[in-house]
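For the sequence shown, counting from 1, position 16 maps to 26 in our numbering; every step adds exactly one.
If you're looking for bench data, these hints aren't it; they were derived computationally from the structure.
Remember, it's a predicted structure, so these values are computed and weren't measured experimentally.
Keep in mind that a hint or two might mislead.
Here are the computed distance ranges between Cβ atoms for each label pair [unchecked claim]:
(1) LEU134 <-> ALA55: 15 to 25 Å
(2) ASP119 <-> GLY77: 18 to 28 Å
(3) VAL54 <-> GLY77: 15 to 25 Å
(4) GLY77 <-> LEU53: 33 to 43 Å
(5) GLY76 <-> TRP118: 33 to 43 Å
(6) GLU75 <-> ASP119: 31 to 41 Å
(7) GLY77 <-> SER138: 11 to 21 Å
(8) LEU141 <-> PRO117: 30 to 40 Å
(9) VAL136 <-> PRO79: 11 to 21 Å
(10) SER52 <-> PRO79: 27 to 37 Å
(11) SER52 <-> ALA21: 16 to 26 Å
(12) LEU141 <-> ASP119: 17 to 27 Å
(13) LEU53 <-> LEU134: 33 to 43 Å
(14) VAL58 <-> LEU141: 19 to 29 Å
Built from N, CA and C at the ideal position, the CB exists for glycine as well.
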Amino acid sequence: MGRAPVRIAFAIFTAQVVGAVVGGLGLLALDSDGTLVWSEPSLVATGVLAAVVGLLGGWTTLAVEGGQPLAWSAAAPLVAGALLGPALAATASAGPLVGLGVAGLVPWDIALVAAGAALAGTVLGVFSTSLISPRGE
C-alpha cells in the first residue's frame, strides 16, 4: 500500500477536526436540551459500538493510505461521535479513554472495554481489508 507523504498530514488532520465539529453540531441539532453524554453505557453496548468504530477506523486508515480521497479520514470521528456521544467518541484511541477514566468522566470498566474493543475492531478492519481487497504483488 505505501505511506502518504507528510505534506498531506495537515489536510488529514483538518478533515478529522471538521468531521468532529460537524458531528458535534449534528448532535446539538438532534438534542439541544439536557446532556449529550451517554449517561449509563452498558459494557456490551460500549464494546460493540467501540468495535464498530475501530473497524471503521482501520478501513479508513487503509483507504487513505491506498490513495482514496482524503474525505474518508473524517468517517471515523463522525461515526464515533454519532454512535457513542462526546464522552466516548475517543474510543478510536486508548489514550483519551484512560484520561477520561482518570478524570472520573467514564467508569474504568467502560473505558477498558471500549479501548479493548476498539483495538480488536481496528485489527479486524485491517485484516478484513486485506481479505476483501487483496493487493496484487
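Hint-by-hint comparison with the structure:
1. For the hinted restraint 15 to 25 Å between LEU134 and ALA55, the CB-CB distance of approximately 18 Å keeps it satisfied.
2. The beta-carbon spacing between ASP119 and GLY77, approximately 40 Å, falls outside the hinted interval of 18 to 28 Å.
3. Checking the proposed 15 to 25 Å range against VAL54 and GLY77 shows it is violated: the Cβ atoms sit about 37 Å from each other.
4. Checking the proposed 33 to 43 Å range against GLY77 and LEU53 shows it holds: the Cβ atoms sit about 38 Å from each other.
5. Between GLY76 and TRP118 the beta carbons are some 37 Å apart, a value that agrees with the proposed interval 33 to 43 Å.
6. A C-beta distance of roughly 34 Å is found between GLU75 and ASP119, which places it inside the suggested range of 31 to 41 Å.
7. Taken as a hint, the range 11 to 21 Å holds for the pair GLY77 and SER138, whose Cβ atoms sit roughly 19 Å apart.
8. Take LEU141 and PRO117: their Cβ atoms lie about 35 Å apart, and the range 30 to 40 Å holds.
9. As the Cβ distance of VAL136 to PRO79 is approximately 20 Å, the hint placing it in 11 to 21 Å holds.
10. SER52 and PRO79 have their C-beta atoms about 36 Å apart, which keeps the hinted 27 to 37 Å range intact.
11. The hinted window of 16 to 26 Å between SER52 and ALA21 is violated, with their beta carbons roughly 38 Å apart.
12. About 32 Å separates the C-beta atoms of LEU141 and ASP119, a value inconsistent with the hinted range of 17 to 27 Å.
13. At roughly 19 Å, the beta carbons of LEU53 and LEU134 sit outside the given window of 33 to 43 Å.
14. At about 21 Å, the CB distance of VAL58 to LEU141 agrees with the hint of 19 to 29 Å.
Consistency with the previously given hints fails for numbers 2, 3, 11, 12, 13, ordered from lowest to highest.
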